[in-house]
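Chains as they are written, first to last, in this note's numbering: chain A, 1 to 302; chain B, 1001 to 1302; chain C, 2001 to 2302; chain D, 3001 to 3302.
Just so you know, the hints here were simulated from the structure itself, not pulled from any lab data. This one's a predicted model, so the numbers in the text were calculated from it and none came from an experiment. Just so you know, even glycine gets a beta-carbon here, dropped at the ideal spot from N, CA and C. A few of these clues could be false.
Beta-carbon label-pair distances, calculated as ranges [claimed, not checked]:
{"id": "1", "chain 1": "D", "residue 1": "Thr3032", "chain 2": "A", "residue 2": "Ser14", "range": "25 to 31 Å"}
{"id": "2", "chain 1": "C", "residue 1": "Thr2300", "chain 2": "B", "residue 2": "Arg1153", "range": "54 to 60 Å"}
{"id": "3", "chain 1": "B", "residue 1": "Gln1036", "chain 2": "D", "residue 2": "Ser3125", "range": "23 to 29 Å"}
{"id": "4", "chain 1": "D", "residue 1": "Phe3131", "chain 2": "C", "residue 2": "Tyr2243", "range": "53 to 59 Å"}
The calculated PhoX-like cross-link candidates involving lysine-lysine, where the alpha carbons are at most 20 Å apart (straight line), are [what the hints assert, rightly or not]:
{"id": "5", "chain 1": "B", "residue 1": "Lys1273", "chain 2": "A", "residue 2": "Lys273"}
{"id": "6", "chain 1": "D", "residue 1": "Lys3244", "chain 2": "D", "residue 2": "Lys3183"}
{"id": "7", "chain 1": "C", "residue 1": "Lys2273", "chain 2": "D", "residue 2": "Lys3273"}
{"id": "8", "chain 1": "B", "residue 1": "Lys1114", "chain 2": "B", "residue 2": "Lys1054"}
{"id": "9", "chain 1": "C", "residue 1": "Lys2273", "chain 2": "D", "residue 2": "Lys3280"}
{"id": "10", "chain 1": "D", "residue 1": "Lys3183", "chain 2": "D", "residue 2": "Lys3172"}
{"id": "11", "chain 1": "A", "residue 1": "Lys280", "chain 2": "B", "residue 2": "Lys1273"}
{"id": "12", "chain 1": "D", "residue 1": "Lys3054", "chain 2": "D", "residue 2": "Lys3215"}
{"id": "13", "chain 1": "D", "residue 1": "Lys3134", "chain 2": "D", "residue 2": "Lys3105"}
{"id": "14", "chain 1": "B", "residue 1": "Lys1105", "chain 2": "B", "residue 2": "Lys1183"}
{"id": "15", "chain 1": "B", "residue 1": "Lys1183", "chain 2": "B", "residue 2": "Lys1172"}
{"id": "16", "chain 1": "C", "residue 1": "Lys2280", "chain 2": "D", "residue 2": "Lys3172"}
{"id": "17", "chain 1": "D", "residue 1": "Lys3172", "chain 2": "D", "residue 2": "Lys3215"}
{"id": "18", "chain 1": "A", "residue 1": "Lys105", "chain 2": "A", "residue 2": "Lys134"}
{"id": "19", "chain 1": "A", "residue 1": "Lys183", "chain 2": "A", "residue 2": "Lys244"}
{"id": "20", "chain 1": "C", "residue 1": "Lys2215", "chain 2": "C", "residue 2": "Lys2244"}
{"id": "21", "chain 1": "A", "residue 1": "Lys215", "chain 2": "A", "residue 2": "Lys172"}
{"id": "22", "chain 1": "A", "residue 1": "Lys273", "chain 2": "B", "residue 2": "Lys1054"}
Protein chains: 4
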Amino acid sequence: MSYEEHKWFIEHTSPGTAHMFGVTSFLRSFRTDYQQVEIADTELYGRILILDGKIQSSEFDEYMYHEALVHPAMLMCPAPRCVLVIGGGEGATLREVFRHPMVEKLVMVDLDQKVVEQCRELLGSWHQGSFDDKRLELVYADARDYLENIDDRFDVIISDVPEPVEVGPATKLFTRQYFEMLKERLTETGLVALQAGDYGKPFIEAHSAIYNTIKQVMPFARSYRSFIPSFNTEWGFVVAAPYKLDLPTTFMFDTLIAERNLTLNYFDGITAKGMFSIPKDIRNIIDNETRIIDDDNLFTTY
Amino acid sequence: MSYEEHKWFIEHTSPGTAHMFGVTSFLRSFRTDYQQVEIADTELYGRILILDGKIQSSEFDEYMYHEALVHPAMLMCPAPRCVLVIGGGEGATLREVFRHPMVEKLVMVDLDQKVVEQCRELLGSWHQGSFDDKRLELVYADARDYLENIDDRFDVIISDVPEPVEVGPATKLFTRQYFEMLKERLTETGLVALQAGDYGKPFIEAHSAIYNTIKQVMPFARSYRSFIPSFNTEWGFVVAAPYKLDLPTTFMFDTLIAERNLTLNYFDGITAKGMFSIPKDIRNIIDNETRIIDDDNLFTTY
Amino acid sequence: MSYEEHKWFIEHTSPGTAHMFGVTSFLRSFRTDYQQVEIADTELYGRILILDGKIQSSEFDEYMYHEALVHPAMLMCPAPRCVLVIGGGEGATLREVFRHPMVEKLVMVDLDQKVVEQCRELLGSWHQGSFDDKRLELVYADARDYLENIDDRFDVIISDVPEPVEVGPATKLFTRQYFEMLKERLTETGLVALQAGDYGKPFIEAHSAIYNTIKQVMPFARSYRSFIPSFNTEWGFVVAAPYKLDLPTTFMFDTLIAERNLTLNYFDGITAKGMFSIPKDIRNIIDNETRIIDDDNLFTTY
Amino acid sequence: MSYEEHKWFIEHTSPGTAHMFGVTSFLRSFRTDYQQVEIADTELYGRILILDGKIQSSEFDEYMYHEALVHPAMLMCPAPRCVLVIGGGEGATLREVFRHPMVEKLVMVDLDQKVVEQCRELLGSWHQGSFDDKRLELVYADARDYLENIDDRFDVIISDVPEPVEVGPATKLFTRQYFEMLKERLTETGLVALQAGDYGKPFIEAHSAIYNTIKQVMPFARSYRSFIPSFNTEWGFVVAAPYKLDLPTTFMFDTLIAERNLTLNYFDGITAKGMFSIPKDIRNIIDNETRIIDDDNLFTTY
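Here chain A stands alone, though its shape is the one from the complex (with noise of 0.2 Å):
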């Protein structure tokens, strides 16, 4: 049986590594004005989207993903009326949002209309319909663009953009210079949460050139992980916001979580506690860091 398989994605994660997923089907596969798209079925992870050449989430597991990114910081904010998510384009970011009782308003705003599109046709088990809610409010623009030519302000805003290991569209969505556009607009309990990179050593200088550029510019930031399988790898997180606050506690997260009646697969105190409780080595590398990522002096690696 094994030796039959004959379609692979081969993710490549650096010149010496790699991970190949058998794939029953490639569903889609075009190129953008920003980037290579495939979305394929796999053996065991079911359907994926890969954005020049990485995988970005799979029907499998993107639960875990998407509720590490979204509900920390929606927990974190009393009462997350107005919601910003910058990327996203599968649309689960936006469902677990929407799962929060109190949101009235939620702009996505995405540069890559054809990903979104194609999203929406075919990756109905992330999005859930999410992009039909009356709530929403789709926008296609750079983030910069879009953040520079408004004067709203956010409870809550979600980066979910690949960070910038290699030169790609969101290069600029992690700089200092970035995150004080962010900071201008987040009302007074706002906070920021991002998706940030590779948590695995050796891959995490990403992760920790990003989290210690936040620092910079916010008071409270914390840097967490989850596991995600078809990643092959933890994934890394920051939740940040302009004022100093204290993570909740386990028993905190559970009963937040119990009041606003949310029914999660992943997320909840103890899941919190293991996310934030990070391995001596790694914590060292984290506290470390000392690079700072400028518009003027972007992240760039191997």
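Based on these hints, arrange chains B, C and D on the given structure of chain A.
Chains B, C and D only, in chain A's frame:
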């Protein structure tokens, strides 16, 4: 540079998934009476040991694995003087045990003399001379044969043998009957630590079956995990004891580490908190497991 | 550039060999009642058709394969008016047959209507409209069922079905009994042409068994081969007739091509000389073959 | 069984094509001053030598390659007494030359002593003791340096160095100026034989440029090819002489082989007929080639 790469170790983790490791040099490749063995130097993870096509540990991150395996049980046992290690041919399990200053005797039982000898020669950064420690008694034997023929009791027993996902030499070292044998050989304050298989969905079923099986035998049993980069997944462990016990707090673990004057890279109180705080979805899988591995009903998978 | 490549078709030719084809787009992937089908666009060979994990032909070099299969038999038959093609779903075998101006009728018998329909839609550069030729009669049937129920005779019968190296729909189209059936359906000056499997050592055993089998049935039989780049090997063919015959000389082939006013890319007299002049070691293998494929003793391999 | 395979040599032949060789053992892997070297035992082709990621020859089929390289030129020269071999570190070119009973002296010039020494140790089935033949003079030098400093003339000069498809040590051993140097060192009835690169479309451009270049220097030049299974392609050669010459007939080659009492596995008169009868499409490419490789205008490809 990258497509110059031409030697690869490909680890197949299921018919539809595999990981590719760029190899700079294959140092050894041989078949023993029990298994196929390779030792290679890789681009990213330094030296690796491969048994039957599966990576056992890498120079780059073996400290994570071995600290996670050894220290929880060793620290939960007050004054472990006499330790039994089953398997662990690389010698790094020995190294971590010997850090604890009260250890007087360490018996290591391994089936495969050829593997141990090659590890001793080539994996110096793993064992760091532990095979020469006067406190070590090295026995080449099947663990069950060994256990049936001794009367000794141990403060800690550490099982570091391949989990039973395929037919291999260690299939019978994860059964209810075997765990009963271990229990018989523990002192009054003794504990068992097991490496216990892949912790990532959907491969966690071996772990959950192992965990459920030992729970039938020992009143205290906790499942925990660490992300190991070269494994491309979280790895599962179990610590268990034949009496009721509370997991030490973060503060307690840190206090014990200080008392024993241990210098660790990976493990401390916060690391422990992360390791034992299992995400909700995985917790559900583990808690709902009903299979019991029995000598007459061995674990089998795809 | 190169390690951006992330979609690959991997053709396993034996447990220890495989060929990787960088794919720009997988266009179709489906299972019919008979086989798994893929149509893909590759980096190097343009569009390819894959059945059960094996490349059938590529846009880049299918002319080599189809000219080699069709023209020797067609030119050795004086005035072939009525031709039977078995298999050949891509339609390129038809295209080459129709070049011969005296062809009045071509019956194509293929088992798998779904494959033919997809080829008709997507492999336009193969069939070049041959499916619309008035002289074509297209029959969806098992070849043996078809042959048992007709009385027609053909000047040339061309078999373009997968060789029997694995259990597949064409296993019974290479037996002694089947070749007897073909013989019954030939006109007095009729010939048979077969695609007849891999010609490269050590995979030539299917070819040599096929060749030895047809030799038992037909007094004239010649084995020949062409190197097909996208197959990564030389490919074997057989031309045979139920009477004694001499292979045309270089000059004779060129004269016949000129008389029939054929414009060919690959085949001519010198090409034929190369195709029929087999290296000594391979000649020995073929001449020493003793196996005969029988309905009751089918060909099997590793 | 098959997916147990976990060590692979992957030969990249272009950004969108690669061949996978299941490896049972990598015996050597080292970098010399000139190139990266590997010697491995493979599942299908026995032992292989790899230079800079490209397979040079395999135990399984090296006789095809070396007989094709050596015997046409050796047989076309009446009584070759003094032979020069450039490159050919495996020693199998020597072996084939020494079969000819009139050879009195064979000078081998190779750049890379380390490669030759490893071949001598590990590739016994290739050289079969040829390095110990009294008639051999072994020189470690750059071929051009060597040729500039001698006055000797040779009956046959055989060039067995990597073709110039990438920047490598042999780039300057395929230029017009170099071929002029060879011409100067030939006796009156002398010939040159070259290994001359991949013969399969679309990779034939190096071959056709080499062939066109030597044609500018020598009045007789013939391009020919052999399919080598472990190369996964047909391989090109050139035989040339600085005077007019006719290619021997099938009968003539067989007569000469009998006279010299050669026992060959691959080469004979019919083999030669196949090797020199080039398919029409490839003939057209070669005949229409206009590039000339010059010291000041080296061959380059992707």
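Evaluation of the provided hints:
1. D:Thr3032 - A:Ser14: 25 to 31 Å: holds, 26 Å
2. C:Thr2300 - B:Arg1153: 54 to 60 Å: With a Cβ separation near 58 Å, C:Thr2300 and B:Arg1153 satisfy 54 to 60 Å, so the hint holds.
3. B:Gln1036 - D:Ser3125: 23 to 29 Å: holds, 25 Å
4. D:Phe3131 - C:Tyr2243: 53 to 59 Å: Because 56 Å falls inside the window, the suggested range holds.
5. B:Lys1273 - A:Lys273: holds, 7 Å
6. D:Lys3244 - D:Lys3183: holds, 14 Å
7. C:Lys2273 - D:Lys3273: Holds, at roughly 7 Å.
8. B:Lys1114 - B:Lys1054: Holds - the C-alpha atoms of B:Lys1054 and B:Lys1114 are around 17 Å apart, at most 20 Å.
9. C:Lys2273 - D:Lys3280: holds, 11 Å
10. D:Lys3183 - D:Lys3172: Given that 20 Å is the threshold and the Cα spacing comes to 16 Å, the pair holds.
11. A:Lys280 - B:Lys1273: holds, 11 Å
12. D:Lys3054 - D:Lys3215: Measuring from Cα to Cα gives roughly 27 Å; hence the hint is violated.
13. D:Lys3134 - D:Lys3105: holds, 9 Å
14. B:Lys1105 - B:Lys1183: holds, 19 Å
15. B:Lys1183 - B:Lys1172: holds, 16 Å
16. C:Lys2280 - D:Lys3172: At roughly 35 Å apart (the allowed maximum being 20 Å), D:Lys3172 and C:Lys2280 break the hint.
17. D:Lys3172 - D:Lys3215: It holds: about 17 Å lies between the C-alpha atoms, which stays within 20 Å.
18. A:Lys105 - A:Lys134: With Cα atoms ~9 Å apart, A:Lys105 and A:Lys134 stay inside 20 Å; holds.
19. A:Lys183 - A:Lys244: holds, 14 Å
20. C:Lys2215 - C:Lys2244: holds, 12 Å
21. A:Lys215 - A:Lys172: Within the cut-off at roughly 17 Å; holds.
22. A:Lys273 - B:Lys1054: With Cα atoms ~31 Å apart, A:Lys273 and B:Lys1054 exceed 20 Å; violated.
Hint compliance for this structure: hints 12, 16 and 22 are not met, and every other hint is.
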